Structures are given as C-alpha cells and as structure tokens.
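Peer 1: Chains as they are written, first to last, in this note's numbering: chain A, 1 to 555; chain B, 1 to 898.
These are computed hints drawn from the structure, not numbers from a lab. What you are looking at is a predicted structure, and each value in this text was computed from that prediction instead of being measured. Where is the CB? At the ideal position from N, CA and C, for every residue including glycine. Just to be clear, a hint being listed does not mean it is correct.
[As the list claims (entries may be wrong)] Incomplete in silico selection of chain A near chain B, CB under 8 Å:
#1 Glu295
#2 Arg298
#3 Ser457
#4 Cys458
#5 Val459
#6 Arg462
#7 Arg467
#8 Arg470
#9 Lys496
#10 Ala498
#11 Ala502
[Stated by the list, open to error] A short list of chain B residues far from chain A (calculated; beta carbon distances all over 10 Å):
#12 Val288
#13 Thr747
#14 Glu777
#15 Arg891
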Amino acid sequence: MIPLMHVILDVSEEAVKAGAREFQEVLEAKLRKEFLSEDVRILESANLGVSGRGVCLLVYPDEVYYGNLKPGDAARIVEQHFINGKPVEELFLGSPETRRLMEWRRKEGIIKKGRGRVVLDNVGAVDPESLSEYRSRDGFKALEEAVRNGTPEGVLETVKESGLRGRGGAGFPTGMKWEAVKDAPGDRKYVICNADEGEPGTFKDRILLEGDPFRILEAMALAGYATGAREGFVYVRGEYRTSIDRLENAIRLSRDAGYLGPNVLGSSFSFEVKVKEGAGAYICGEETALIESLEGKRGTPRLKPPYPTTEGLWGRPTVVNNVETLANVPPILRNGAAWFRQFGTERSPGTKIYLIIGHVVSPGLVEMETTTSLRELIYGFGGGIRGRRRLKAVQVGGSSGGIFDPSVLDEAMHFDALKEKGGILGSGSMLVMDETTCIVDMVHGILNFFLHESCGSCVPCRIGNERLVRAVNGFRTGSARMSDIDLLEEIASAMKVASYCALGQSPYLPLATAIRYFREEFAEHVNGKCRAGVCRFNVLKERQEAQRWMLAMSR
Amino acid sequence: MITFTLNGRPLSVTEGTTVLEAARGAGVEIPTLCHIEGLEGYGGCRVCMVEVEGSRTGCAPACTLETAPGMVVRTDSEAAFELRKAVLEMILAEHPADCFNCKHSGACRLHELAARHGLTKVPSGIERSGFPVDDSNPFFTLDPNRCILCGKCVRTCAEIQCSDVYTFADRGCRSSVAPGFGDLLADSRCVSCGSCVAACPTGALRPKDGSWSGAMYVDRRVRTVCSYCGVGCQLDLLVSGGRVVGALPADGPSNRGRLCVKGRFAHAFIGHPDRLTVPLVRRDGALVEATWDEALERVVRSLRSTVDRLGPDGAAGLASARCTNEENYLFQKLFRAGIGTNNVDHCARLCHASTVTGLAATLGSGAMTNSIDEIDLQDAILVTGSNTTETHPVIGTRIKRAARRGARLIVADPRRIDLAEEAEVYLPLKPGTNVALYNALACAILEEGLADREFIAERTEGYEEWAAAVRSCTPEKAAEVCGVDARDIRRAARIYAGARAAGIYYAMGVTQHTSGTAGVMSLSNLALACGKLGKPGCGINPLRGQNNVQGACDVGALPDVLPGYRKVSDPAARAAAAAVWGREPPSEPGLTVTEIVSAAESGRIGFLYIMGENPLVSDPDIGHVREALSAVDFLVVQDIFLTETAALADVVLPAACFAEKDGTFTNTERRVQRVRRAVPPPGRAREDLDILADLLERLGLPPADRSGAGVFAELARTAPQYAGMSWDRLEGGGLQWPCPSPDHPGTPILHAGRFTRGLGRFVPLAWSPPAEETDEEYPLVLTTGRNLYQYHTRTMTGREEGLSILAGEAYAELHPQAADRAGVRHGETLRLSTRRGSIELAARVSEGIRPDTVFVPFHYAQAAANILTGTALDPLAKIPELKVCSVRAERGNGRAPS
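Next comes chain A alone, as it looks inside the complex (with noise of 0.2 Å):
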C-alpha cells in the first residue's frame, strides 16, 4: 500500500532536543487513532536545511513547511491539514514573508510546474527506503522494458536523440559519452555515478540521494546495459551518511528483485553496484582524480587525454556520470527522448535543479525548465532580496563560475546562457548577494577554498592559488596597490592557461568577472574604503580608539 502523504521530521540534534521525539509520539498515536497510519508515513531527515526553528515537519506532497511546533500542534495539523486539506498556516516556517511566498509559489503552480517533471518527481513523494513504493511510481519499468525488449543499441540511441547534456558542471553530451564507451575495445567497462558533491553551496545530488536512491541504480543499469559494463561504483562524498546509507539500502533490495545483481531480470546482462565513500577532498569531483582515489590511489587528476571513455577505472573504458545526469535516464527511456525535448531549449533540453541560495527570501532547490531566467529564479522562486535590500551580484555555477551585477537578471539559465560574458551554468547554483557583501572578501573567501582544496601537484595551483589569497589579502587589509588589481589577473590567467587540471583554472573565472563589474570596488580598497564595511583596514588604530574611550568613560 502506497502513502497518500509524507511527512518528513526532522530529527537532528537540536530538533530532538527541542521535543522532537516527544512530537513524534504524539503524531503518531493520532494518526493511529484517526486510522490513518497506513496513509501517512513519517520519515526522518537529520537535516531539514533549517535550523534555529525548534521541531520541524515537512509535508508532501504539498510541500510545507511547519515549524517550532509543540506536541500539542500534532492533533491541529493531522485534523486540519491532513483530513481537510487546510495546512496550518500559523504554525508554518519562516517569517510573515516566507510564507507569504509559499502562498505565491502554490497559487503559481510553481511546486507542480518546477517538480515533477523529469528528475524530482519522487523525491519527498515515495519513501526512499522502499522498493516497492519506487516501483509504484514506474520505477524499474525502463531497465525492464529494456532488457526484456530493448537492445542497447536502442537505449543508447534513445539517450542520444533526448540530447541530455551532463548535468555535473561541464555539459558534456551523456549520449556521445556512453556510445565512446560502447565503441572502446574491451571487455571490462564501469559506470561510475559522480556522488562526490563537493561544490559549495550546492546540494542537489544529495537530495537526489537521499530521496530517490533507485532511481540512481536503475540508471547505472541502463547505463551498464547500454555500454557493455557489468559493474559500476556510486562515490558518494563521505559526510553524505545519509545518502549512504538509502543507496546500501537499495541496492540491497534491488538485488534481492533482481534488478541488479546476476541475469538482471532473468535476461543474459549482469549489472552490479558498489558504494565507495569520498574522504572529503574537493578534488575528487573531477573525474580521474575520483577514478585514482577509487582505485585506492592519492586523489589526484590524471592526464586528459585518454579520456575515462577509453582509459578509465583501472584502464578500462569507464562511463562517469553526475547524479542528476543519471537521474533523468529512466524517465527519458520512460517516455522517449521527444518527451524530453519538450523541455528546455533546443541545445539545452529538458529540466535543470536550480540552487537558489545566499540573501534570498527563501533559499532552496527546484527544477526548472532551462529556459528559466535568473530573474524568475531569484525573485520568483527565491522570493526576492531578503530584508529588503537590494541585490548587488550573483555567482552562477559554484565557486568556480562567474561573479555578475544585476545586468544579466533575464539570462535564461541553460547550459550556454553565460558564455559570451564569461560565466558558466555550472553545477546550477546562484549565490545571491545583497549590499552587505564585499566583493573583495567573497572574491578572498572563494580563493581561499581553492588554495584549501588544490591537491598540489601542479605548480600554477598550488602556487598560484596561494599568491592569490596573499594579493586579494592585501586588498582586505589596505595594503594593495592600485597596480594589484592587474596583478590578480596576470596570475590567474596564467593559471588559466598552465594548470593540470580544472581546479587550478577555476580561479580565473570568478576573479576576472569580478574585477570586471567591480573594479571599483577593489580601487576603493586600495584606498582603504570598504563600502560593505566588512574589511577592517586599521585594525590596531580602532582598538587603540576603543581603549582610549573605555578609559575616558572610566574617568
């Protein structure tokens, strides 16, 4: 029997000691009473994305929100809200304005337009931790149909027609990857599913992980299927427990149906899957960095080319994959790839996670068309500027993408949206920034997590990097000159140009964008104005000031 409703509780340690075991109790025994215990499934989440809200309680599929509740509130929710559909709205997360937005975002059908499409379909609405209910929402009918009467020839056409781009950061054709793959000599191939999600302020994967993890096998079979690879490894980052967890889980159970494991559905293809945690090192992302460390190996990049294609895990051909990459597969072969080309752009098709985060309203992740604008992001979807202030710049596509002012507000956000100004769509996240944000410290802030996460091995990185945090440094304390500001450049693009591997490129993109719509604002340091007021240049001479008045009080 499938749920009609979840309800997610959030049971991390600050939850559980504002009462949320003691709510628990009390949800539960009146759902049982109003017998409704079959229909509505509690789950728990040790991370619910808020904090400082006391009890937390997340309801599918309406998608709300209800925060620092007693166990007194269990009774008024279940009789309200779930028996007659009125969600309790004094009991809701946030401020007056979140929900106020939630209110919008319901009435503009955002939840139903943005969700439910191609990828996060499942997530919230099936319990991660069961087969069958997976199974309930067509899950496995792909590999099925597949392997009873498809050929991999088929799948892979089907995933070539769709024209899916990978949705890791680079945008790279999966259908051309997976064919390199079919047509690389050898017996052994791997799929590896890219768990390692390393980049700040993204989280997409992880949601993908923890609530929809079949999907992610079902994909890796297709994958497998497709490409003659009869093994594949999920590397999942390390602090995800989670997202381990639900994976080890599934595949469990799948192999136990025999949709993994020997004769996948008693058909002549074997597919097995195996979990390999990240130990944290950003690096790992990049894909042969993750292969060496799969393979027991220092994480660190390999030489491009041969191409994981061709010389992947352990020299074999080997198919790399982002999760939500592989999580748009089983619907594409669900529903084929003209379906798929409905959504989105032509070059771009289908839905992309956006990760709207920073000084928004509300911060979050939704899907999206790819030809959402940054504008409808960030002001639809985000709610607009929190406090209200006004919006000073965004970072598109993670630490690694472009630092814009407001003037690229209606770029659509597909794959090649930000090209000819220098920016990337990246991993799809937006870092909103309001005034209160120095650019110059962000700028120091992202540059310090290069030099944190550079492997070393290269010498424009590991160097590189490190004059660069010194420079922007210089900045933030006063002590730059005017001339610095090319400087900054003049190392970064050389960086650019005489890195091993993306990371030592990165920094160039952010730095360069940066320097170019805020220049002044780095003039302004050199000439000990912070217009944020977040970089102290005169430190000593302020507490001298301090002390001095603290003594004249004291007189």
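Given the structure of chain A, go ahead and fit chain B onto it with the hints provided.
Peer 2: Quick look at chain B alone, frame taken from chain A:
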C-alpha cells in the same frame, strides 16, 4: 609518422611522440623541472610550456602534449617564454628567501632556469618553511623546505628503482615528499641508492658527502666503471682538489642511470688515511717501510731461491677479480712466462668455477649468454640462488621493474628475499637441493609436452638419454627433497616453458655446492629443453660477483687455461702464447685456489703472490687458511689496505684502487668497458700494472709496451674473444665479447644460430645430497652470502661510516622457531658452531627464512662465517661448498662482538 611544425621547421616523428621528446630529438631544448627521461610525462612543474597555434588556451606543456599532424608549435615565442617565466616565478616564490644566496646554487637546476629567464630574486610572501628536515639517512638529507614538488624522487623511486619509499603527504601548498606513513628515511624501506638525490633538481635531496654543496667547485667529472660487483655500472667520479668527492650515475648500457648505495656513496676508501702508501718488508718479524727497489728486489730474490729449491711449481699466485684485465693478464703472464708455472688462480674459484666448467661443457662458453638490457624484453624470469637486489642491486632493480611491467617472476631461494615479494611463484627450497628442483622442473615440462621439440632436434645432442633420466624426477619426489609444493613446481615449469622470452638468472646459491657444476648443467638442460637460448630475452645468466671476475677469467687467471679459455694442454694454444710472450707456458694445469692452500700447508709452495685478495676472510675454513699462509716461506701481498692477509706477508706492495688507474673491466654480461683514472695513487703507491711490468722486467721479460693500451693490445693478440677490441673502440658503451675482428660489433647474445661448442649438450644428472648433512649434534643448515651494504671482506666498504651505520655488525638470520630452540631473541647473542669452529654474533630473527636454515653474511671478520664453512669440493670445478654445512645454534655467552 606524424609531421608537425616546430619553430617554423617541419619535423617528422613516430606516432605517440610528445612535443618534448620530438624537440629533444631535433636538438631543440625545452626547459623542464619534472620530466624523467624514459618515463611518461608528468606535467607537474608546468615549466615546459610551448605555444601551440589554435589550441584552446594558446599554450600547452610539451612533456604531456602528443604531437599531432599539422600541429604548429613554437618553443621560442614570447608568449611561451613569458608563461614559462611566470611559472618559474611562482616556483621561486615558494622557495626559501635565501635561495639566490644558496651555496648550492651551482648544482641547482631551478637556479639555472631562473637565470635564463632573467629572474634574480625570490618574490616575497609565501616561502615554504617549517617542514622538519629528515637527516636520518647516513648519505643524504631530505629537506622539504627546498622542495618544488616536482615528484621526480617519488617517480624515480617507484618506477625506476622500484623501492616505493616516497609518497606525497598532505595536499596543496602543505604537501611534501615523505616516506610513507610519516616514517623517517632510516625507518623506511629505502636502500640508499641515491637515485632520488640524482633526480632532485634542487637541494631538497642532497648528498652529505659534500659533492653537492661543492658542486660548483668540482674540477672534473671522470666517467668510469664502478668497482663494486659485476654489473659494471658506469658512473662519473667527481674530482675536486685532487680528491674524489662523490659519484653520480651515468647512462651506461648495464645500469641506465642507476647505481646502488655502494657505487653512489661508498668512496671514502679511495683517499682513506689507512691506505698503504709505501712498500713494507718484514724485518725482524715486523713490517717496516722500504723503497720500491728494495721490496721488488726481495720479491725477485725469494722467487729465484724458491724456484731453485722447489722448481717453478713451488711458486703460486692468486690474481684478482678486482684488478683490471691488463693487470690480470700481466699477472698470469708473470707466472706462466716469467716463472714457468700454471699455478695461477683467483677467487672465481670460490664463486663461479662451476659455471665456467658447467656451461663450457654444455654450451661451450661459461658466461652470461644474454645482455642485462634484455631483462626489459622478458615475459618470464627465473631467479634462483641469487639474492639479486642485494648482491647485484641494479640488475635486481631491473628484474623488479620487469615483474611490475608484467613479466612473470619465479624465485627459488631458501630465503624469502626481496624479489620473492614480486614473484608469481616462490619456491623456498632447502639449501643443497637445487639439482632435484631443476630436474623436477624439466620433468614437469616433458610431462606436459612443453619442450621445444624443434630446437632440441636441430640444435642439441644427448636429449634422449637425458629425457629418460629426468622423467623419473617427478615434482612430487622433488617436493619431498626440496621442501616445496609440487603444484608450485608445475606452475613454475608452465610459466618458464610457456613464455615467449624467458631468462634464467643465478648466482652462488647454485654454484657454491659440491653439486655446483651439476646445478649449473641442470639449469642449462632446462634452457635447452625449452629452446630458451640464443634468442633475445632468453638465456642462462650467471651473475658474476666481482667487478672484473669475468675479465680475470677471460684473460687467463685460471690454472688450466690461457687467455681466451684456450687449454694449457692444447699445444697449438701454447705455441700461440709463446709467439707473443717469447716463452712457452707449461702444459700441465696448475693448482686451484683451494689446492694452493693445501699445498702451501704441506710445504709444497714456497712462494705465494697474492694480488688484491683477502683469503683470510673470504676462503672456507679460515683456520686452515691461516696455517697454510704461515707455512709459506715467502708471502707477497699487493693490496690497497693492510688486510688480514697482508698482515702475514713478507713483502707488502701498495697498489692503486680503481679510481687511480686506467684499464678495462669486463662485466657479467661480457661487456669490456674502460676504467679511467680520476686521481693519482696515494703516496708512493703504484698502479698494479706498473708493479707487474717492473717485476717482469726484473725477470728479463719486459712487455713490449707497458702502457695500459699497449698491454691490452697484447692481450687482444692472445685472447681470440678480444681480438677485435682496442681501447679506442671501447670508448662509450664498450663491447661484448666475442669480438673477433676490428669491424665486429660485439656479441650481445651468445649461441645465436650455433652454440660455441657446436650443438648444445644435454647432460643427465642425479641429485646427490650435500657433503655435510644435518644430524642431532648439528641440526641446522648454514648458508652464507652477502648483503647490500657490504662488499666482500669490507676492506673498502668497512671504511665507509654510513655503511657501518646501516650494516656494520655481523648477524645471523634465523627463523623464530630456530631462535626459540636456541633460546635467543632478536638482537641477542647467538653462538653458531660447526665441526670446524664457532662464532658469536647477533641474532636477527625473521620469518623470511626456512626454519631449518641459518644465514650468515661472510663480510665480517669479527665473526667470520668462513670459520664455520667446510672445504668439501665440487669434484669437477673444485669449488668449495660454501652454501651448505651443518651447524648448531645456541645462546651465546657474551654480547655480540662489535
């Protein structure tokens, strides 16, 4: 072929060539700090950036960029230069601020490149500092603060040396090169070969011998051949102020840029204060200084009186595997022509006499059949009776590398040696059971029909008789005798016989037995049966121990053969020699080393001349040797140090070491290479060649030309294998004999098409137990050998402090079970006794040895293994059974002698 454009010039290269390789081939230099010739491009330093027309980023690193048709590359454009400069500036920025004042700058590749790009100061700010300096290795220092993380040491150690010591620790700008698990170098598996030091472009890895800090003052680099072991590595001696201050590996044909710890670092002996600098003569029981004239006159006088009393055969000489071909040639000429006796032998008797006898009988030549370089071609390798990584370290390394490349390695040895770790099949056989094992391998090959019928039919004789005999030697029977698994024997047989190119490598674990010759011949049978001879990458390869033991044999320092292995019993050979020498040598073979010792003891030898040998430590049953040497009327010792043997002499002649002389050494692969003088001999010491020529002159037989080149020319006239060689032709890589004519290119592979003796001969051999078998009183088997850090009787290596730190004391290796029964723990004193004597030394408890076996290295005079060993001889080659005797192990009385 691919054609592309380099600096405006079209260039054609083979597919897969990188831009860097192509440019170097065309004589265009592209600077780089991380590239290692012969290894895959690394792309870490990013200094080798070149401009590539139409590429995405404009420039690309030459070391990892493969050439493509139509590619347009510029190495000399401004863009490329500026980018290189930017990268170099980054590297400098990370370097310590004192970099440009560094006293080591003369040897620093980073400095050289910085200067060429107009960089003269370290950009401030991000200096690497605070990394602890690892000073634990006696020969070099690891200073991560001066490291540029090019990874050359990591890759050299892992991919060329195959020791896997280093790794990168941490990441980003905090990353550093370090031994695994945060160990110190001293606690790592480092073998101190110094390859990493030679590879390091800066001062992060620097030798302690001063050659690096003084590199800018190095006056000369002299290319010569290493005097430790028979591999024949070429090296450059660094000379500063008339002293040898260090050595660097050279790209010789046998070492290809590698050296071991001894060749790289152990040169303190060359200018050591203990060196003999003046002739000594015994007067009133004590050795006192004398003039050369006085000393040589005494030698000649005693010689004459001995010959008067006992005839020419009352004189005997021990030549030296450490001296040059020219010197050994003159030495045997001195005895054969000057005195008229064939009593000349040398320590080859103790190492490979059985090889010379055995292989000469079956194939016609007693030497390595193939070249060291061919290890790179092999897909199967059988190593038996050789702890290659310790005794022939560079060959050991090359075998290791082959195994890692995919060659299937079989190791048969009583000890779980380093190579066993790389082996697909390891056979821990009981000492003294070689013949049983080899016969069983042959049996398995015949049983499974893996023999090369065609080869046997065309190229061999005696097959039927041998096959009939060997068929009864089943692996199951051998398993009992050898103490190994019969299935492993069969697996090994399949690997060896099934390989396309398979080589056998062996050393004294095969030869030093009463069944030594039988062991050699049964290995030869195995190779013949599988047709693994006379082809690239195949062969049967005895690894010769000393630097010129091959050459000393070649030039006739053996009692039964003249130069070129021509039998003394052959009248034609004698006549040929007489034509050159002016006097005919006697026709009766002389005495062997072991026979000379016995003859001396019984008073039949009145005059004994020992050149560069120390039998009082190296020969079996030392007690017996001491009595013999004392019984000789007149003992001459010519050496570089006052050795244990020299201390007994009546006249001691101070000689020159390898760095002080010109000449030639012949290495284990029959390669004759030039040895060049780097510094003069100390004091009044003289080159051995000079001393010998003087003596010959005093005996009225002056050499026509006393120069090294002249003596070599005379040698070439008497030894047919050397006939086509001359010093001029030996420049560079040298030549492998036989080289019968001046236009002959030398012979890397023996027996191609035809065996030296015509047909390869199968010899049926049955296993017989060693001379001494274990019993209740002596329940364990003692086997002796060497270790990596010492050489022979330590006259040279014993004077290198660093080596003494690494392996300065005698020890015995034994299994925990054996140790328990003896009642000793690791590090405690163990007493070993045989029927001949007993020694006390430290116990080294290890599971890498059979429980019934004890191993003692023979280097250490303070607990000389040869006090224990027996003198039982192989009946054919007269080699003593140094590898097996019965021993009792018990708890020692005192501390291990130090």
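Peer 1: Quick check: which numbered hints come out false for this structure?
Peer 2: 1, 11
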